[in-house]
Amino acid sequence: MSNEAVLKERRRRIDGKFVQHLAIRYAMVIVLIFVIAFFAYRSARFGTVDNVTTILIAAAPFALIALGQTLVILTGGIDLSVGSVIALSSMAGALTAKTFPDQIFLAVIVAVLVGLAAGSVNGFVVSKINVPPFIATLGMLTLASGLAYVVGGGAPINGLPASFGSIANTQILGLTIPVILMIVGIVGFGIMMRKTAFGMRIYAVGGNQLAAQIAGVKTGRVLFSVYAISGALAGLSGVMLASRVISGSPTLGQGYELDAIAAVVIGGASLLGGRGTVWGTALGLLLIQTLNNGLDILTVPAYWQDVIKGVLIVAAVAVDVWAAKRRP
Amino acid sequence: MIAMRRRNSLQKGIEMTDTNERAETATVAEDQPFSLECRNLEKAFSGIPVLRGVSLRLRPGTITALAGENGAGKSTMMKIASGQYRADAGEVFVRGEQLHSGSSQDATRLGVAIVPQELASLLDMTIYENIFIGRELSGPTGLRRKEMIARAKENLAVFGIDIDPTRKMSTLPVGLRQIVEIVKATNTGARVILLDEPSSAIAEREVSRLITVMRQLRDAGVALLFTTHKMEEIRALADHIVVLRDGGLVMDQAMSTVSDDDIVTAMIGRELNDLFPDLPDHGEETVLEISDLHVEGAPAPVSFTVRRGEILGLAGLVGAGRTELIEGIFGIRRTLSGDVKVTGKSIKRNSPPAAIDSNVALVPEDRKGSGGVLSMDILDNGSLPRLASFTLAGWLKQSARRKAVKAATESVSLRSRGLNQSMETLSGGNQQKVVFARWLVGDVAVLLLDEPTRGVDVGARSEIYRIITELAGKGMAVVMASSDMPEILSLSHRALVLRGGGIVGELDRAQLAESDVQDTIFRLASGLTQTQGQSNPATPDTEKETAR
Numbered sequence: 040m041s042n043e044a045v046l047k048e049r050r051r052r053i054d055g056k057f058v059q060h061l062a063i064r065y066a067m068v069i070v071l072i073f074v075i076a077f078f079a080y081r082s083a084r085f086g087t088v089d090n091v092t093t094i095l096i097a098a099a100p101f102a103l104i105a106l107g108q109t110l111v112i113l114t115g116g117i118d119l120s121v122g123s124v125i126a127l128s129s130m131a132g133a134l135t136a137k138t139f140p141d142q143i144f145l146a147v148i149v150a151v152l153v154g155l156a157a158g159s160v161n162g163f164v165v166s167k168i169n170v171p172p173f174i175a176t177l178g179m180l181t182l183a184s185g186l187a188y189v190v191g192g193g194a195p196i197n198g199l200p201a202s203f204g205s206i207a208n209t210q211i212l213g214l215t216i217p218v219i220l221m222i223v224g225i226v227g228f229g230i231m232m233r234k235t236a237f238g239m240r241i242y243a244v245g246g247n248q249l250a251a252q253i254a255g256v257k258t259g260r261v262l263f264s265v266y267a268i269s270g271a272l273a274g275l276s277g278v279m280l281a282s283r284v285i286s287g288s289p290t291l292g293q294g295y296e297l298d299a300i301a302a303v304v305i306g307g308a309s310l311l312g313g314r315g316t317v318w319g320t321a322l323g324l325l326l327i328q329t330l331n332n333g334l335d336i337l338t339v340p341a342y343w344q345d346v347i348k349g350v351l352i353v354a355a356v357a358v359d360v361w362a363a364k365r366r367p
Numbered sequence: 110m111i112a113m114r115r116r117n118s119l120q121k122g123i124e125m126t127d128t129n130e131r132a133e134t135a136t137v138a139e140d141q142p143f144s145l146e147c148r149n150l151e152k153a154f155s156g157i158p159v160l161r162g163v164s165l166r167l168r169p170g171t172i173t174a175l176a177g178e179n180g181a182g183k184s185t186m187m188k189i190a191s192g193q194y195r196a197d198a199g200e201v202f203v204r205g206e207q208l209h210s211g212s213s214q215d216a217t218r219l220g221v222a223i224v225p226q227e228l229a230s231l232l233d234m235t236i237y238e239n240i241f242i243g244r245e246l247s248g249p250t251g252l253r254r255k256e257m258i259a260r261a262k263e264n265l266a267v268f269g270i271d272i273d274p275t276r277k278m279s280t281l282p283v284g285l286r287q288i289v290e291i292v293k294a295t296n297t298g299a300r301v302i303l304l305d306e307p308s309s310a311i312a313e314r315e316v317s318r319l320i321t322v323m324r325q326l327r328d329a330g331v332a333l334l335f336t337t338h339k340m341e342e343i344r345a346l347a348d349h350i351v352v353l354r355d356g357g358l359v360m361d362q363a364m365s366t367v368s369d370d371d372i373v374t375a376m377i378g379r380e381l382n383d384l385f386p387d388l389p390d391h392g393e394e395t396v397l398e399i400s401d402l403h404v405e406g407a408p409a410p411v412s413f414t415v416r417r418g419e420i421l422g423l424a425g426l427v428g429a430g431r432t433e434l435i436e437g438i439f440g441i442r443r444t445l446s447g448d449v450k451v452t453g454k455s456i457k458r459n460s461p462p463a464a465i466d467s468n469v470a471l472v473p474e475d476r477k478g479s480g481g482v483l484s485m486d487i488l489d490n491g492s493l494p495r496l497a498s499f500t501l502a503g504w505l506k507q508s509a510r511r512k513a514v515k516a517a518t519e520s521v522s523l524r525s526r527g528l529n530q531s532m533e534t535l536s537g538g539n540q541q542k543v544v545f546a547r548w549l550v551g552d553v554a555v556l557l558l559d560e561p562t563r564g565v566d567v568g569a570r571s572e573i574y575r576i577i578t579e580l581a582g583k584g585m586a587v588v589m590a591s592s593d594m595p596e597i598l599s600l601s602h603r604a605l606v607l608r609g610g611g612i613v614g615e616l617d618r619a620q621l622a623e624s625d626v627q628d629t630i631f632r633l634a635s636g637l638t639q640t641q642g643q644s645n646p647a648t649p650d651t652e653k654e655t656a657r
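Protein chains in written order, with this note's numbering: chain A, 40 to 367; chain B, 110 to 657.
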């Protein structure tokens, strides 16, 4: 059959089965559209540019750690430490900004390096000592959180130069720097996973570590890298959050790792590794953030928000699992 | 003593079911219900039909072989009969009673048990716990462990197996785990036992034990259905043969009325030409040189060489260290000392990337576990080992990659829907071809093969033999570990026999062609009459007589 004939054949088949096919394939997109439609219907404020910007700004710090988390989960691991690493790097960044008030850029670098260091320790412990990722990063969660308190003697670091706040609050083309980082990050990581050897090796390690090793993949190196990247991104996320409130706090980022993991899983990734995409994570992230925002606008009490979110996260994944079974 | 008890307990089982059967025959119109009857089973996965209306009947006290190439629908058939899958159309009756489709609980209730290809044993639990899981004996004070242990021991003794039931399942060889699973099945009152490739993962001597167990069950009135790729086993066991091809039934006959050729022809739908192609001559120059390579866990280092275009077979029993040696050469298993040279150059030990850079390729034994990455597509699998040659500063050169993988998969005549088809949807033989093809996108000097045709059907097997000889013909040095004796005899220029990690014998082409060579290899491999076997590979007939 010629290409044209195939196309024609395809066009002709837009019937019930085709729609069902589409629904199965894009189940999560459809869920997201329903959620958005619901909020837009209930509140006129939801769809405004201002509110969309709010959603994006709120999403940005999560996006960075969710990207790192995606890579880690694709290798079949998990990184529980990112929330604490955010706290630690926000403290490190704030301390640097306080000590060198005119070297704001240095604060960013220090924060990212602190995150990278924490991630590298995770990577080393996981890839060289073979400690299960859950345990290794659980240890780092506690360790980094403790260090964050140590840095500030148990208190947040306040009284930072106003210029520190400019990191996260400067706008370029109407978008703040964290939002730009999020967009660049999603596109960049999305391309990396599809177009580079490194991306392919991550999928291979997660899909079957032994097979990857036999195929000559330096699996230890790949594992180390994903944790290091995850840590560095948490560092970046930490300094952005600190800059937004012009303060370093040891409680910043607490529990963020769970939202990041939820975003990745909602995005269709398998916790066993090997399956999942950056685009899926972006979608999952958007769903969670839209829910947070929409429920706020509808002034749903905070405790109930958590209840609704919890139910929706499981429901979203249940729909995806259902659809995955029917996906060809 | 054991024999007596055996007969008693088995007879008890028969009596019980006899009364059951009588009760049922009264209600069912048919005179004698079959142990298992499948009527017009149909099943499709995502639109692709796997079974197209297959009917099958098993009588009590018979063994039926279910043969067919990979992807013919054998496993699907068994999974439907045992309630794991729901058929799209058709019914399953167990002794006249209809099986509630897609319910494995119902299948267990009706007395259908399946021993799957990949056993689902609880490895960290003990043997008796495995046998009694789900039907634990308990009293007012909790579990009655002593009684379960005693009963487990009795049940195992029925099959002539004397092992401590409190041993961990993980300490048993796969063959014994399988028998524990069978014991578990009979213990739940199974009258129909389905065995999916029971012999594919176990050693030869374990196969003979399995055969004894299966015959015992048959004599006790159980209906057995099993799949295998080995003709000898069909001949040794089956009373009846059923052949599937492309999801349809193509043969359903008593074993006594068919020849081996009939079966093979039915399976592949054409006459099978000679399974093994002619071996091309090999060159003289040494390509692979192993000197004093000490694999971790082996008692002593080994040395050997392989010449250009030569196929070197590695024979031995399970646990002889063939896999370990091959993995040691490739660097995936740790080696302690020694040297691996490829075309005169030493390669770094314990580093698969270094081996790959020196054009050493490995096709591992466990295709699913270590051969390919099943969640990735053919293109990604095909390019993974040579990824560096398809990248520019880390970026994939898509068209070059696609072209090379396409050419390589064509050279092994891979059948697929395209390069983007996922590995897990390919049949076993085609997966194996991908694992071959992925090395062929670049140069290969040394090809290491570990059980190249395990779990591969007859049709694909002859193709894989053709590929191997062609590659050798192109000048590759091939090292092939195999438990399949015909493979060693017909496909190697030279063979080494391993035992306990060391080389205990070497046979050249002439010796491999001798009529009693199988016996020679077996003696070397098992350590029987060591001196005799080693000094004179052509074992004297007298020896053989006394041994038997």
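One should not assume that every hint holds.
Unchecked claim - In silico lysine to aspartate or glutamate, EDC-like type, Cα no more than 16 Å apart, as pairs: (1) B:339 with B:369; (2) B:583 with B:552; (3) A:257 with B:466; (4) B:583 with B:390; (5) B:450 with B:371; (6) A:234 with B:486.
It is worth saying that the hints were derived from the structure and are not from the lab. Keep in mind the model is a prediction, meaning the values are calculated, not measured.
Structure-based check of all given hints:
no. : hint             : result
1   : B:339 with B:369 : holds (11 Å)
2   : B:583 with B:552 : holds (11 Å)
3   : A:257 with B:466 : holds (13 Å)
4   : B:583 with B:390 : holds (11 Å)
5   : B:450 with B:371 : violated (47 Å)
6   : A:234 with B:486 : holds (15 Å)
In the structure shown, a violation is registered for the earlier hint numbered 5 alone.
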